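Now for the letters of each chain:
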Amino acid sequence: MSELPYSDGITPETVTEHGLTPDEYALIVEKMGRAPNTTELGIFSVMWSEHCSYKSSRKHLAGLPTTGPQVICGPGENAGIVDLGDGQAAVFKMESHNHPSYIEPYQGAATGVGGIMRDVFTMGARPIANMNALRFGDPSHDKTRHLLSGVVAGIGGYGNCMGVPTVGGEVNFHKRYNGNILVNAMTVGLVETDKIFYSAAKGVGNPVVYVGSKTGRDGIHGATMASAEFDDDSDEKRPTVQVGDPFAEKLLLEACLELMSSDAIIAIQDMGAAGLTSSSVEMADKGGVGIHFNLDKVPCREEAMLPYEMMLSESQERMLMVLKPGKEDDAHKVFQKWGLDFAVIGITTDTHHLVLEFKGEIVADMPVDALTDAAPIYDRPWEPTPKRDTLPADTFAEPADYGATLKQLVGCPDLASRRWIWQQYDHTVMGDTVQTPGGDAAIVRIHGTNKGVAISTDVTPRYCFADPHEGGKQAVAETWRNLTAVGATPLGMTDCLNFGNPEKPDIMGQFVGCLRGMGEAGDALDFPIVSGNVSLYNETNGEAIYPTPAIGGVGLLKDLDKRMDMALKDSGELLIVIGDTKGHLGSSIFAREIHGNEDGAPPPVDLGTERRNGDFVRSLIEGKRVSAVHDVADGGLLVTVAEMAMAGGIGANIDAPRDTTHAYLFGEDQSRYVISVTAQGAETIIRDAENAGVPATILGQVGSDAISINGQHTVTVNSLRGSHERWMPAFMAAAS
Amino acid sequence: MKSAVIVFPASNCDRDAAVALEAVSGAAPHMVWHGETDLPPVDFILLPGGFSYGDYLRSGAMAARSPIMREVIKAAHNGTPVLGICNGFQVLTESGLLPGVLMRNAGLTFVCKTVHLRVENNETLFTRHYNKGDQIAVPVAHHDGNYFADADTLKDLEDQNRIAFRYVDNPNGSQNDIAGILNANGNVLGMMPHPERVIAPILGGTDGAAMFESILEAVA
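Residue numbers (the numbering used here), protein chains in the order written: chain A, 338 to 1073; chain B, 1484 to 1703.
Careful: at least some of the hints might be erroneous.
Claimed, not checked - The calculated lysine-lysine pairs, modelled on DSS-like cross-linking and capped at a C-alpha distance of 30 Å, are: (1) A:K674 x B:K1596; (2) A:K674 x B:K1557; (3) B:K1596 x A:K480.
Stated by the list, open to error - One side of the interface only, derived from the structure: several residues of chain A facing chain B at Cβ under 10 Å: (4) S486; (5) V489; (6) Q761; (7) K919.
To be verified - Just a few of them, taken from the derived set where beta-carbon distance is under 7 Å, the chain A residues facing chain B: (8) C498; (9) F584; (10) K587; (11) E698; (12) G768.
The set of hints was computed from the structure by calculation and includes no laboratory data.
Owing to the predicted nature of the structure, the values given are computational and were not obtained by experimental measurement.
Glycine residues also receive a C-beta, built at the ideal position from the N, C-alpha and C atoms.
Generate coordinates for the entire structure from the input sequences, incorporating the hints supplied.
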């Protein structure tokens, strides 16, 4: 390689500190036709970071299903959009804030929630629900309690102030997250289909306007931090975490929606990761224009801020808009009313360059496509994850007392009640929450109608680790199943892909495997991915997290009178299990919690069966032929029935085979649901199932105040509830 | 019924309050921005829940000094019924319309759950559609709902029958399990729980509807 040119103040070390490789620097020099100055290098470093450029993942993301008649907007915008009918649509996305949340849990989680809400209301939608998917380290790890309490308080602190209900989520604990927790936040918004706003800055000579909070020095290089591994000194990165101001965001939300009711806005984009840089570059790129900024006009919170700092700051609660010329005064009045900064800081140009002017000088001049299209795309080497053997049932001893084992399982960290968490979230504000946390999927009414949106977040990381391909399928299938279990028709999903260091072939193999599985499932279930986010480098001192492709699904209930929940209601009803039970114990909760065994292949998902079984269950709900439905997930059939019993305050007797009873009761075979039906209804349902090619077997009968197996192993619903509710409050109250 | 809902910066239950008022009375309320200096002529004023000014100072302290509050205070002194829910209750104590203060919850965390309230006084314009001793299920959602007042004030509240609701199972450490209190004239009620969130079976309950029906009847 010939000697590369460097501007004053830049050395090969500076380039490395910016997270750029020598090859990447050479490419920058080539695209610029000269050596970049410090400001330009900073801008390249964030635009070409993994977080912004998807350079390791883009090749594989291209294979995901993203289209369907219901899709109004797929990946590539601030959020995805699916049609809800009647001129309305759901706007949604899930995003990670893993790295900052580990460094500073309250602010990291809070700004994650703030960022995802901005992505949604940027498109013209009012946020109507927040969800999350959280992963923490082993409960015995000395940081877990601190991280959990901080993250939950941060999510609540931001969402509660915004007045957007946090209606559900999921939480897992595992030692593989000891050094890298996962905080994935999802927002669903509601928009009129003729009032959707996009980010393409079309047209030349239009004013570029900055609104929201002032710019400070916080969060500089946050995107770069999120593109590297942690080590023992990661706490020193605290200054790169931003501080959230939900009050400012609430004002920004109302001001933006007020302005959006007029026709002043051409394009709008929130300033998220990489702040002013990525928002302006993406808007210019999509609009096929250039942007000329006068940085002297940027509202700054701190004195003597340099162009480098202004462009890389990740100060929160800011938006960039392109207005129609002449609309500046009208727009200014709206933001003035809400007490927010408003400044015309630039103009769109026909140069296709991002040009920064500061104190009368041009301090940066870069071709927009050099920052976007020219970013490197890596086809990282990957190796497939070795297949595991399927473990036979006799690998595991049968419990002597199923009641006691069940009580232990419903109180284990991964299955215990999350009440301690969701009681810190305002889940009923906005007056439309129909299914509160704790159901298979949350349900939020579409304001002013009798329709509802169902939402669920799911992934089973231990399955993804054991077999990324099956795990990827299962994550999508389980989300689809949870939406189905409340009676919703699944419409689309968002993904939040959390993995380790993609430069390691085994990690890249996990990524490729999970994505292939997700893609197959999305195709087979007509469940497209409309938005998403990739978070790589979730590793500390060389140890990676479990591969965790969190899925957030959205479905539609056309008639809320035909919604379903899991609570058992009527003594004497029969329980029917829909789907085939083979007794798959490998990688199950039973194997891990009772036998300390995390081996074995995970349960496979047959996607044809998944769809057939789910469509059948949905038809039963629509026909009002069932009184309770719960999907079978972690813990298998017995845990499923126990959860239905705890929700309804009524027990059940289960008829289990005498042979390998534990595999039948605790196996985690997929594509199953337990339904509760009247004795008279059971016969026709079983016949209809047979005609539809759906396995349906009587599982037991609802009644009494206890769960029993073949009339034995009795455990009362009250004592199950005690175990289920006790763990988390006790864990959080214990002195660390 | 002509009513007004006051909207402070970061009020967030203003729409919920408006929906409840319209559902019960058939008339949409005036939504009055905090910066206004005039109130429209109304029979009833509601201060909604939320996080006015982010609650970055004491909850409700900034909002209590908004321009419109001068008019609200005047109207309250002239006998117009005023209901403050959650952040609205905090604004009422900060503005001096009600005694005492709402401190951080005893458990220190935000609490959102359905609680049971006992109706202590049903001879008020806000509660006449309840029976004394009724237990009603209404959600709370707050971080600062721990009611505190000095001993003399508490004694006055008790002696003058100004405690409208008490928690059956106290979620926040409030003295005397106080969930809602009245002013001496009985035309101002502040309460932490959210009656506007339980006005339809689909939302998990209807126990809040009787409060709005009471007000409607009282001002008719």
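Outcome of the hint check:
For the suggested pair K674 of chain A and K1596 of chain B, the alpha carbons sit about 34 Å apart, so the restraint of at most 30 Å is broken. About 25 Å separates the Cα atoms of K674 of chain A and K1557 of chain B, which keeps this hinted pair within 30 Å; it holds. Between the alpha carbons of K1596 of chain B and K480 of chain A the distance comes to roughly 28 Å, so the proposed pair stays at or under 30 Å and holds. For the restraint placing S486 of chain A at the interface with chain B, the shortest Cβ-Cβ distance is roughly 8 Å, inside the 10 Å limit, so the hint holds.
Evaluation of the V489 of chain A hint against chain B yields a held restraint, the C-beta minimum of about 8 Å falling below 10 Å. Satisfaction of the interface hint for Q761 of chain A is found here, the shortest Cβ-Cβ separation to chain B being roughly 5 Å, below the 10 Å cut-off. Because the smallest distance between the Cβ of K919 of chain A and any Cβ of chain B comes to about 39 Å, over 10 Å, the interface hint for this residue is violated. For C498 of chain A, the interface hint holds, the least distance from its beta-carbon to any beta-carbon of chain B being 4 Å, beneath 7 Å.
Interface restraint check: F584 of chain A against chain B, minimum CB-CB distance 3 Å, threshold 7 Å, status holds. At a threshold of 7 Å, the smallest CB-CB gap from K587 of chain A to chain B is about 4 Å, leaving the interface hint in force. Below 7 Å, beta-carbon pairs count as interface contacts, and E698 of chain A has none with chain B, the closest being about 39 Å; its hint is therefore violated. Hint on G768 of chain A holds. Least Cβ distance to chain B is approximately 4 Å, under the 7 Å limit.
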